[in-house]
Structure formats: structure tokens, C-alpha cells
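Each step along the sequence shown adds one to the number in the working numbering, with nothing skipped, and position 58 is 806.
Just so you know, not all the hints are guaranteed correct.
As the list claims (entries may be wrong) - Below, a list of computed lysine to any residue pairs in the SDA-like style, where the Cα atoms sit at most 20 Å apart:
(1) K792 <-> E804
(2) K816 <-> E804
(3) K815 <-> G776
(4) K792 <-> G776
(5) K815 <-> Q773
(6) K792 <-> A862
(7) K815 <-> V779
(8) K816 <-> E769
(9) K844 <-> E863
(10) K815 <-> E781
(11) K815 <-> H777
Stated by the list, open to error - Computed Cβ-Cβ distance ranges for the label pairs, DEER-style:
(12) S892 <-> S809: 48 to 58 Å
(13) A812 <-> S892: 56 to 66 Å
(14) K816 <-> K890: 48 to 58 Å
(15) L865 <-> S892: 32 to 42 Å
(16) K816 <-> E889: 44 to 54 Å
Bear in mind the hints are in silico, worked out from the structure with no lab data behind them. For every residue, glycine included, the Cβ atom is placed at its ideal position computed from N, Cα and C.
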Amino acid sequence: GRVVNFVMNEKCAAGTGRFLEVMAQALGHPVSELAQIGSRATEKVAISSTCTVFAESEVISHLAADKKVADIVAGIHESIARRIAGLAQRLTLEDKILVTGGVAQNQGVVAALAERLGREMFVPRFPQSNGALGAALYAFEKSSLVR
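Working from the sequences, and respecting the hints, build out all of it.
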């Protein structure tokens, strides 16, 4: 496939890997375990703040209220998917969507996004490397034109 159009969150860390890292720290778990933890959820605890700092406070409040960690994680995944879907819906979406970037390594976020958009998601083997690979190919093509 080829990129036809894209949108980016220009405001803050909400919906990014940094958001996931902060939430993982607040929960006391490695970010790499969040998808597995979230898969055990019986409900999704609402995380309404889009600001990373305020969302972290929400997570801490949910922990203090004895909410299950798995349910909080599922809520975090849903929160990120909601923000990404809001951006994606500015575009004309295809039936199949390629998800790239480090967040794509979290199957909980990818599943929540697929459910929210009603589309099939594909994640490449090394999704965090796609941007760098694209930049390298672009640089190669530009340098080949100069020769």
C-alpha cells in the first residue's frame, strides 16, 4: 500500500507511547505487559481526561477506589483508541488500516481501535520502525535524483 493522507496529534502526548508509559508507571507495571493485563478485564474503567497528567491522577484515583488493574488498563486502551479514532475520522478510511508506531505493539490499543472504527487493523512486524524506514527511503530517492 501507499500513504494517501495522514493526521497527527499536534497538542500533547495523549494517544502516544509516552501516555502509555506514564500510565504503566502509575500502575507499577512495565508498558510491555499492559496488553496482556488489559485482556483480563471484565469492564472498561472510564479515563476521561485527555491530558496525560490528569489521566494519571484518574488512574491513581481508580487504584485508590480498589478498581481492578485490568479494568483500568482496558479503560486506558479505550481512551487512546478514542483519541486516535477522532483523528482518523478526519480522513477517508479504507476497509483495512495499517497501524504503525510504538503504540501499535500494544494489542489492547489496536483491538480497541478496530472495534471503535469497525475496520480491520494490520500491524507490521516492527511497527515502531516504519517512520525511520520511510525517512531513509525518501532520503535515498532524493539522493539518487541528485546524482
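Checked hints:
1. K792 <-> E804: 16 Å, holds
2. K816 <-> E804: Answer holds: K816 to E804 is near 16 Å, not above 20 Å.
3. K815 <-> G776: 14 Å, holds
4. K792 <-> G776: It holds: about 19 Å lies between the C-alpha atoms, which stays within 20 Å.
5. K815 <-> Q773: Holds: K815 and Q773 sit about 17 Å apart, inside 20 Å.
6. K792 <-> A862: 16 Å, holds
7. K815 <-> V779: Roughly 19 Å separates the two Cα atoms, so the pair holds.
8. K816 <-> E769: 19 Å, holds
9. K844 <-> E863: The hint holds at about 13 Å.
10. K815 <-> E781: At roughly 18 Å apart (the allowed maximum being 20 Å), E781 and K815 satisfy the hint.
11. K815 <-> H777: 16 Å, holds
12. S892 <-> S809: 48 to 58 Å: 55 Å, holds
13. A812 <-> S892: 56 to 66 Å: Cβ of A812 to Cβ of S892: about 58 Å, so the range 56 to 66 Å holds.
14. K816 <-> K890: 48 to 58 Å: 51 Å, holds
15. L865 <-> S892: 32 to 42 Å: Taking Cβ atoms as reference, L865 and S892 lie about 37 Å apart, which means the hint holds.
16. K816 <-> E889: 44 to 54 Å: 50 Å, holds
Hint check: no violations occur; every hint is consistent with the structure.
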